[in-house]
Every structure is written in structure tokens, then in C-alpha cells.
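Below are the chains, spelled out letter by letter.
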Amino acid sequence: MMGRLLFKEVFRELLANKINIFFITLALVFSLTALNTIYALGKSAEKQILDTLANLNFGKDALLVLAGGSRIMGLTTTRTDTLLMDDIIAIEKLGFVKMTSPFTGGSVEVSYRGKAEKVRLDGVLPIYLQANNWELFRGKFFNEEDVKNFNKVVVLGYEIARKWGGHNLVGEKIKIQDQYYRVIGILEKKGSLGHFPLDERIFVPLTTAQKRIFNQNYLRGVKIILQEDTPLSHAERTIRKLLRERHNLYGIAPDDFRIVTPEMVVARHTATSKTLSAFLLTIAFISLVISGVIIMNLMTASVEEKAGIIALRIAVGAQPWHIIKHYLISALILALVSGIIGWLLSILLMFLLSLLTPLKPLFSWGTFLLSLLFSTITCITFSLFPAIKASRIDPAILLKGL
Amino acid sequence: MNNILLQLQDLHKTFQIGKISYHILKGVNLTVEKGEFLAVMGPSGGGKSTLLNILGLLDKPSAGLYLFEGKEVSSLIMRDLAKIRNEKIGFIFQAFHLIPWATAEENVLLPLLYRGKIERDDVERAKVLLERLGLGKHVNFKPSELSGGQQQRVAIARALINNPTLLLADEPTGNLDSQSSKEVMDILEELNKEGLTIIMVTHDPEIAKRAGKVKILRDGVFVD
Ligand SMILES: Nc1ncnc2c1ncn2[C@@H]1O[C@H](COP(=O)(O)OP(=O)(O)OP(=O)(O)O)[C@@H](O)[C@H]1O
Ligand SMILES: [Mg+2]
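So the protein sequences, as listed, match chains A and B. Heads up, the first sequence stops at 396 in this note's numbering, and the numbers go up one at a time, no gaps. Heads up, the second sequence stops at 238 in this note's numbering, and the numbers go up one at a time, no gaps.
The following block holds chain A by itself, in its conformation from the complex (with noise of 0.2 Å):
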């Protein structure tokens, strides 16, 4: 009953300056808008890579061993021709090791129908294929006859297939440098890892851009797949140890290749999108603390403007916790409504992001606790301030004259 009676008496009190919590909802919405927009597009990039990676079979148990070591600014300060197939094949017979994959790759002028462009190539073996959890979407991929025989065979990706003129593309030829290749099949569609494009990419054996294109017989890397549940870090010493001493390195030298984990991956793609969400949560907050500002403003009016009431109040008795819980009791409801407003929003806004950007709404109950917390927190902190001043009118007003 009152509870109740309490509840009514602090929502007319709201409802009764339509105006006021009209601007205060709006500010507070505009800004939890943001800021769970920001955070929800945040979290969903770092799961679209994760979801890639795992696509990729790059998960738990898989790594990366890539030429070239000690890598500064990018530049690889070691010799990079060093990893070969040897090192694979000893690689490949470490008891925790399921699979490798080992590759080549560059860029290469290919020509189609007279038109040349310049394409990304990797040279692969079959097991490519399972290693990287990726299927055929037309045609076959090559075997071990092909690497054999150096054999001038080449699977396309999905991309690069559909911009030269769709499915029936299986048993052209094209050119790549000099040579004429047979188009043996087409890749499903993979998507991209951050803004690395998988699917504008063609494949050939391993020996075949090896002898025929890059006329090199060393690697660019290999992906290695570990049984499960290997520990990584053990994997990863292991795999450094057999390397260097494969290639004679003792001491202080160091490595002349290095070996890259998931967590770096998504570390990696992960960093820029970090500064800026973080740039742009900054804004958020910001813009909390002014409706913030505006709240305790607005709230400072009303309380003001309603002197006259909240001295009968006191008059007839309330205590100064009273009168600050009826406001902090205000100041809730707006935090409650405006906190849903702006996460439903931030929702809406994420879907229509969607349909313009590569980005995927995430769906989470994360951002609406987090919305309820920030904007009570805002609420609470803000109308602090007039509720300690609505506690102290001097009830005496309500003798004054009129």
C-alpha cells in the first residue's frame, strides 16, 4: 500500500513535466545509444574474426609457422629462405602433430581472356583442403599425382572466379606469367580475416609454384595441426627447438622463423578496431556525462520550480532521506526506461549498420545490463545533488505570503 502510494506520488510527480523528462529520456538515450552501439560493434568484430578463424580451422589446436624471424616494423631481419620441405617432413613426425600444411606463395600477373591482373597465389598440397576446413564449390582439387608432376593445374577461389565469369570457368585455361594453367575447380566462398581477402586468392600444387613460377625451393610457411588437446606452449617450444637446430642456430642467434598462434591473429586484427572503439567509447562517455550534466540541470529546476510541495512534505513530516529517496526514486525510473530505450535503439541501429557494413548485430544481454548500469549510474550520481538540495528547503516557506 504504500510503496504503492509512494511509487504514484514520485510518478506523477514526473509525468506532471512532460517536457523535462522528455529532454532528460532523449539525452540519456542519445547517449547509451552510442555507447552500446560502440561496444555491441566492438565485440561483434572480434567474434566475426574468431568465427573466421575458426572457419579456418585455425583454432585451439593449430599453428603457424612462417619464414623469417625477428620482425621489425615488418621487415624481416633474418634470412627467409630457409624453411624447407625437410623441416616439414621432420615437423610432420613429432608425436603431437596431426597434420601440415605447408606452403608458397606471391604475387603473380595472371591473365584471363586477355584481360592481366596481378593475383595472389599460394602453392599448397592437397591436405590443404582439411587443414583450412574448406570445401570445393565446383570442379576437384588437385592430388598427389599433380604435385608429382609439377602438373600446370589451378583451383580458384571463390572471388576471383565470380569476378572472371562464374561457375563454368572449370576447364578454361589461363595464363599465369607465361604459361597456361588448367582451371580444375572452384573454392566456396570463405569470406575475409579483418580486411585479408581469402577468397581473391588462387591455388596450385606446391611443386608447381615452387619450379614453374617462383623458381624457389624453399616455403613460405606451414600450418600445423595439433592433436587434441596438445598443450600449445609445449607444442611451440618443441616446434623452435626442432627448428633451430635444423638450421644451425645456436646461442644468441636468432630464429630465422616465427610461430604464430591464434591469439596473435585475433590480437592482431583486433588492435586497430581496439583504439578506435576506445576513441569512440571515450565520446560515448562524454556525452553520459553531459546528459548527465543536463539531468542534474533539469532536475535542479524541477526541484526549484516544486519548493513549494516538497516544503509541505517536509512540513507534514518527511524526513531529508525521504525527500532524497523520492528523487533517487526518480532518477531511477528515468535510468530504467531511458537504459531500455537506448539499448533497443542501439539494437535497431546495429541491424540497419548491418545492412550497410560487413559488421553482424550481436545480440546480448551484456550490453543491456550494461546500458541499465551505465545509465543508473549517470541517473543516481546526477540527481544526487538536487535531491541532498530538495532535502534541505526550509519548510518555513509555506507561511511567506503568496
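Source of the hints: derived by calculation from the structure; they are not laboratory data. Misleading hints may appear alongside valid ones.
[Unchecked claim] In silico PhoX-like cross-links for lysine-lysine, where the CA-CA straight-line distance does not exceed 25 Å:
| no. | chain 1 | residue 1 | chain 2 | residue 2 |
| --- | --- | --- | --- | --- |
| 1 | A | 394 | B | 207 |
| 2 | B | 141 | A | 2 |
| 3 | A | 2 | B | 33 |
| 4 | A | 319 | B | 40 |
| 5 | A | 319 | B | 97 |
| 6 | A | 2 | B | 156 |
| 7 | A | 37 | A | 184 |
| 8 | A | 37 | A | 54 |
| 9 | B | 97 | A | 383 |
| 10 | B | 156 | A | 300 |
| 11 | B | 141 | A | 394 |
| 12 | B | 40 | A | 394 |
| 13 | B | 223 | A | 300 |
| 14 | A | 112 | B | 227 |
| 15 | A | 183 | B | 141 |
| 16 | B | 229 | B | 48 |
Based on the hints, put chain B with the ligands in the right spot on chain A.
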């Protein structure tokens, strides 16, 4: 048996505005017995409302003693004063001071909001009070939907909801026409007959006549 409800002894009130201080009450002495109906008159600016504020514990005297039910109250802290106001003192104002967005019944129940809890009985009592004051049909009306006389009767019901021992009224008929004034005074007279102590400030000698006793406050002191 002690029949005294309250006592003022050499009570002073000074207001400070900037460097200048205004001495408004200059040694007021007053004894009010239980069941008394006292009307306070006097020229405008004479300090009547200031006195009523102090009697109602809405303001503190600058000097002097205020004994309420035999206890010195002018030195009590805010919280204790609020409790006494809530439980023992009812207020009626010239401007009614009702909460505009609350119904008559909710306005009457307001003091109970600060007492602790409101029970079914209390709601019933509010209804009975309003009915007794001729507002049985207006329980759910907002102040803006009531006439001045009706609003003042809601305010009286609010003042009575906690069964106070003292009712303070500052020009309760000041904003009312003669018919409504008469009705309000009938009510106050009836309440006084039932034993309620009333102190009322008024400018109107006709209204003052209805009280059992009239005192004149002039230049900060009671004159005879
Ligand atoms: N808070 C205050 N600060 C300064 N001066 C005040 C304050 N309250 C009242 N006064 C002054 O005290 C004097 C007495 O005021 P009060 O309201 O008590 O008079 P009153 O007898 O009730 O007059 P009226 O009949 O017009 O209502 C006035 O001169 C007023 O200006
Ligand atoms: Mg007055």
C-alpha cells in the same frame, strides 16, 4: 493534573539579511492549554506567521524557551522535529498547499507516507474523514477539480489524519468566499469541541470571534 499543551517564554526571532538583522519577535510569552481555541490577530508584518512557524516546529526561535507537552523542543534536531510534526501537529494554510497531481484521498494520506506504513485501516479512515467533511463523493478528485472550500477541507482532513494534538491554521479562510469560510469555521469549531487544540491566525474579526480567545500580536509582542 497538568493541562498545559505548550508554553513560550521570552521568545525572540531575528532574521539576518546580509549585514542587517530584523528583530521580528521580541519576547513573546504564551501559554496554551489543551482544548483551547486561540485566534491570533494583528497588523500585517507583525510576526504572526513567523510565530506560527515556530509553534509548528517549521522554524527555530533565536532565543527563548518553547515547551511542547512539557518538553523543550527548540533545540531538537531536524529528524526529531519532523517526527513531532508528523505525529502531533496538523497544518492548515491559506493557500491549501495540496499536491496537484494526487487525488483528495492521496493528499490526505500524505503524512502517513512518512510515518512508516499505511494500512487498510488508514485508507478507510481517510475516506471517513473526507466523508465527514462533506467530500464523500470527491475522494478521487484532483485539487484542480475541487472548489477552494473543498480544497481547504481536503487540507483539514490531511491535518487530521494522524490524530494530532495541535492544529495550526494560518489564515485558513483567507482565500475563501464567505459561505466556504463559514463551513470551514464550523468544522474547526466542531473539532475544537471534540477536544482538539487550535491556534489560528486571522485578519478577520468575524472569524476571530468564533475562537474562544483572541490575542493581538503587534511589533513582535502580544498586547492586551
Ligand atoms: N525568512 C525571512 N527572512 C527575512 N525576513 C523575514 C523572513 N520571514 C519573515 N520575515 C519578515 O518578518 C516580518 C513578519 O513576517 P510575518 O510573515 O510573520 O508577518 P505576518 O504577521 O504573518 O504578516 P501578514 O499578516 O501579512 O501575513 C516581515 O517584515 C517579514 O518581511
Ligand atoms: Mg502571515
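To see whether the hints hold, each was checked on the structure:
1. 394/A / 207/B: The given pair, whose Cα atoms are some 30 Å apart, is violated under the 25 Å limit.
2. 141/B / 2/A: holds (18 Å)
3. 2/A / 33/B: violated (45 Å)
4. 319/A / 40/B: Between residue 319/A and residue 40/B the Cα gap is close to 39 Å, so the pair fails against 25 Å, i.e. violated.
5. 319/A / 97/B: Holds, at roughly 17 Å.
6. 2/A / 156/B: With Cα atoms ~14 Å apart, residue 2/A and residue 156/B stay inside 25 Å; holds.
7. 37/A / 184/A: holds (21 Å)
8. 37/A / 54/A: Holds: residue 37/A and residue 54/A sit about 20 Å apart, inside 25 Å.
9. 97/B / 383/A: holds (20 Å)
10. 156/B / 300/A: Satisfied, since the Cα-Cα distance of roughly 17 Å is no more than 25 Å.
11. 141/B / 394/A: violated (31 Å)
12. 40/B / 394/A: holds (19 Å)
13. 223/B / 300/A: Status violated; Cα separation ~36 Å.
14. 112/A / 227/B: violated (110 Å)
15. 183/A / 141/B: Not OK: residue 183/A and residue 141/B at ~75 Å, beyond 25 Å, violated.
16. 229/B / 48/B: holds (17 Å)
In the structure shown, a violation is registered for the earlier hints numbered 1, 3, 4, 11, 13, 14 and 15, in ascending order.
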